[in-house]
Amino acid sequence: MTHIVVFTRNTPDTAAKVEVGANGAVTWGTAQLVLNPWDEYSITEAVLQRDAHKGKATVISIGGEAHNDALKQALAIGMDEAIRIESAAEHDALTFATLAAAAVRKLGDVSLIIFGKEFVDSSSDAHIYMTARKLGWHAIGAVSKILALDFAAQRIRVERMIEEGKQVVSTRLPCVISVLKDINEPKSPSFIGIRKASKAAIPVWTAAELGVSLSAPAVQISAYRNLPVRSGMCQIIEGGSDQEKAEKLIDILLKEKAL
Amino acid sequence: MSSIFVWIDHFRGKALPASWEAISAAQRLGDQITALVFGSGIGNLVTLAFHYGAHKVIACEDATLADYRLEPYAALLVKLVNDHAPRAVLSGATTRGRELLAAAAAETDSSLLADVTELSIEGETIKAVHPAYAGKVLSDLVATSRTVFVTLRSRAFPLPQLDASRSGEVINVASVMPAEQIATQIESFEEQRGSVNLTDAAIIVTGGRAVGSAEGFAPVRELAEVLGGAVGATRAAVDAGYIPYAHQVGQTGKVVSPTLYIAAGVSGSIQHQAGMRTSKIIVAINKDPEAPIFKIAHYGIVGDLFKVLPALSAAARAKLGK
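Chain order of the listed sequences is A and B. Numbered according to my numbering, the first sequence spans residues 1 to 259. Numbered according to my numbering, the second sequence spans residues 1001 to 1322.
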């Protein structure tokens, strides 16, 4: 079956000024919550592959009601169905993976899960590989292109970016991949898509319905802190010519042992 | 005595510096450091692991492990963790390290402290700091499982001192997944042309929108070459097609932390800052003295990058004797 799943969530807009308030909670002022930026690529890729293979594409969020907006955005871009899994606001990657794997098992006919590179709020990609492991599926991260996807033969062939260059990697479906910005030109919501999304009812699944009993998280966040304030001002290098300024700067950098 | 495993990430026998940095991070957690070296033709890496401070090496020399593939690597790592129950397993937060340690942590239902910049142990608890919200705030993490997996951000921990006189016990182990059971195949590889890996680079010279064209990157590349650094770019420059995405620094690119970051023609959006603000020394070159980049820079030159960068290359050549 050509059923593709994408997991997404709402995150503060990338231009938001994020800081820790007096009560220790993370705030982003009046900035909007938006679809996790990396997921514009995973959702677009799921829609493109769904169209190419005449399959089905489902988007899932794990968390509170705030994530419905991300799900509706994904529907407006072209995903077929959305599901929200109710969960406490902050769950660690292992909890995410346990719930995600249970949801995919419940769907039953999924052969490909596409993740964006990371969730920008937790700034983490661990949930991707943990989800694959909890399902016992193969996983390929940092995919910059899907070269071949054959649901009948159950194979996928991709280009993957590693520190040293690009690899062509193939594996068996079912499989979990994470995709990079290079993979496509993100689709915008269509007018018809927005109308469809606004009417969509989003089913909510609970951990209990998925047969998951959650234990205490394996990793806890004990506190959030603001970044240390950078001391000192920028020293503007003055001089009569660009050459003089350049020489002064190189001297300073040599003295600072930066070169 | 607390045993700490460090997985050595390498590509065809060449280790990523983050792997050796992980040995110095391991020294904060325990006094018995075991390097795990998997692959084919790994003798040199085993020797280097001792030189960088490992007390023991568990080596798995096997053709099926020549190229990193998640399935056989994870199967072997999980077996070693189950057999030896180390207090922690560390690796660099590299592409491979992130995948492998997350998979092994999930398999063993263990805590994973991912992409951390600080690490400590207090009694039974391992603590770490992870920059969250694209580096805009810090989160303090606490892990309590029997074995804790940790990936370390590149350049957040010092490279240990090399000591060529050191050696130790090598334990050779067999791989656990037979070749015919491994579904993943590496079909080909194309090396990144003439670039230093951004996340490992001590010096990065970045061009922003103001470089104006692909050719406009020439003075950026020239200075990077003179200084032995890597070439970075802003999202604006990448989206305009001046340079490939692999060079992008920022919230939707790479997060870097070099000793010296030179930003030329970079305005300094909050998204770009998210990728470079932990750099030790930031130099801004911009025509606009009001550009936000000057607010986080340590040194600045107000001027035209097409004049200032060549002047810097010339001055560096003269003073560095190149």
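Hints listed in this document are in silico derivations from the structure and should not be mistaken for laboratory results. Owing to the predicted nature of the structure, the values given are computational and were not obtained by experimental measurement. Ideal placement from N, C-alpha and C gives every residue a C-beta, glycine not left out. Treat the hints with care, since some could be wrong.
Covered by chain A, per the in silico footprint, the following chain B stretches (three or more residues, Cβ under 8 Å) [claimed, not checked]:
1. 1118-1124
2. 1281-1290
DMTMM-like cross-link-like pairs, simulated, lysine to aspartate or glutamate; straight-line CA separation at most 25 Å [as the list claims (entries may be wrong)]:
3. A:257 x B:1118
4. A:181 x A:69
5. B:1014 x A:238
6. B:1079 x B:1169
7. B:1319 x A:90
8. B:1056 x B:1067
9. B:1079 x B:1107
10. B:1295 x A:51
11. B:1280 x A:65
12. B:1322 x B:1187
13. B:1295 x A:69
14. A:17 x B:1225
15. A:166 x B:1118
16. A:255 x A:244
17. B:1295 x A:251
18. A:199 x A:90
19. B:1319 x B:1290
20. B:1322 x A:13
21. A:56 x A:81
22. A:181 x A:251
23. B:1254 x A:251
24. A:145 x A:185
25. A:255 x B:1067
26. A:17 x B:1107
27. B:1254 x A:238
28. A:181 x B:1304
29. B:1295 x A:65
30. A:196 x A:90
31. A:255 x B:1239
32. B:1127 x A:185
Not close to chain A: a few residues of chain B, all C-beta gaps over 10 Å, as computed [to be verified]:
33. 1084
34. 1094
35. 1186
36. 1199
37. 1271
How the hints compare with the structure:
1. 1118-1124: violated (count 0)
2. 1281-1290: holds (count 4)
3. A:257 x B:1118: The given pair, whose Cα atoms are some 24 Å apart, holds under the 25 Å limit.
4. A:181 x A:69: At roughly 22 Å apart (the allowed maximum being 25 Å), residue 69 (chain A) and residue 181 (chain A) satisfy the hint.
5. B:1014 x A:238: 44 Å, violated
6. B:1079 x B:1169: 20 Å, holds
7. B:1319 x A:90: 53 Å, violated
8. B:1056 x B:1067: 23 Å, holds
9. B:1079 x B:1107: 10 Å, holds
10. B:1295 x A:51: 47 Å, violated
11. B:1280 x A:65: 41 Å, violated
12. B:1322 x B:1187: 41 Å, violated
13. B:1295 x A:69: The hint is violated at about 35 Å.
14. A:17 x B:1225: 35 Å, violated
15. A:166 x B:1118: Roughly 31 Å between the alpha carbons, so the hint for residue 166 (chain A) and residue 1118 (chain B) is violated.
16. A:255 x A:244: The given pair, whose Cα atoms are some 17 Å apart, holds under the 25 Å limit.
17. B:1295 x A:251: Roughly 22 Å between the alpha carbons, so the hint for residue 1295 (chain B) and residue 251 (chain A) holds.
18. A:199 x A:90: 28 Å, violated
19. B:1319 x B:1290: 31 Å, violated
20. B:1322 x A:13: Violated: residue 1322 (chain B) and residue 13 (chain A) sit about 45 Å apart, past 25 Å.
21. A:56 x A:81: 8 Å, holds
22. A:181 x A:251: 39 Å, violated
23. B:1254 x A:251: Violated - the C-alpha atoms of residue 251 (chain A) and residue 1254 (chain B) are around 29 Å apart, more than 25 Å.
24. A:145 x A:185: It holds: about 12 Å lies between the C-alpha atoms, which stays within 25 Å.
25. A:255 x B:1067: 42 Å, violated
26. A:17 x B:1107: 37 Å, violated
27. B:1254 x A:238: 32 Å, violated
28. A:181 x B:1304: At roughly 31 Å apart (the allowed maximum being 25 Å), residue 1304 (chain B) and residue 181 (chain A) break the hint.
29. B:1295 x A:65: 38 Å, violated
30. A:196 x A:90: Outside the cut-off at roughly 30 Å; violated.
31. A:255 x B:1239: 37 Å, violated
32. B:1127 x A:185: 40 Å, violated
33. 1084: Holds, since 20 Å exceeds 10 Å.
34. 1094: 6 Å, violated
35. 1186: 6 Å, violated
36. 1199: The claim breaks: residue 1199 (chain B) does not keep its Cβ more than 10 Å from every Cβ of chain A (closest is about 7 Å).
37. 1271: 5 Å, violated
In this structure, the hints that do not hold are numbers 1, 5, 7, 10, 11, 12, 13, 14, 15, 18, 19, 20, 22, 23, 25, 26, 27, 28, 29, 30, 31, 32, 34, 35, 36 and 37, in rising order.
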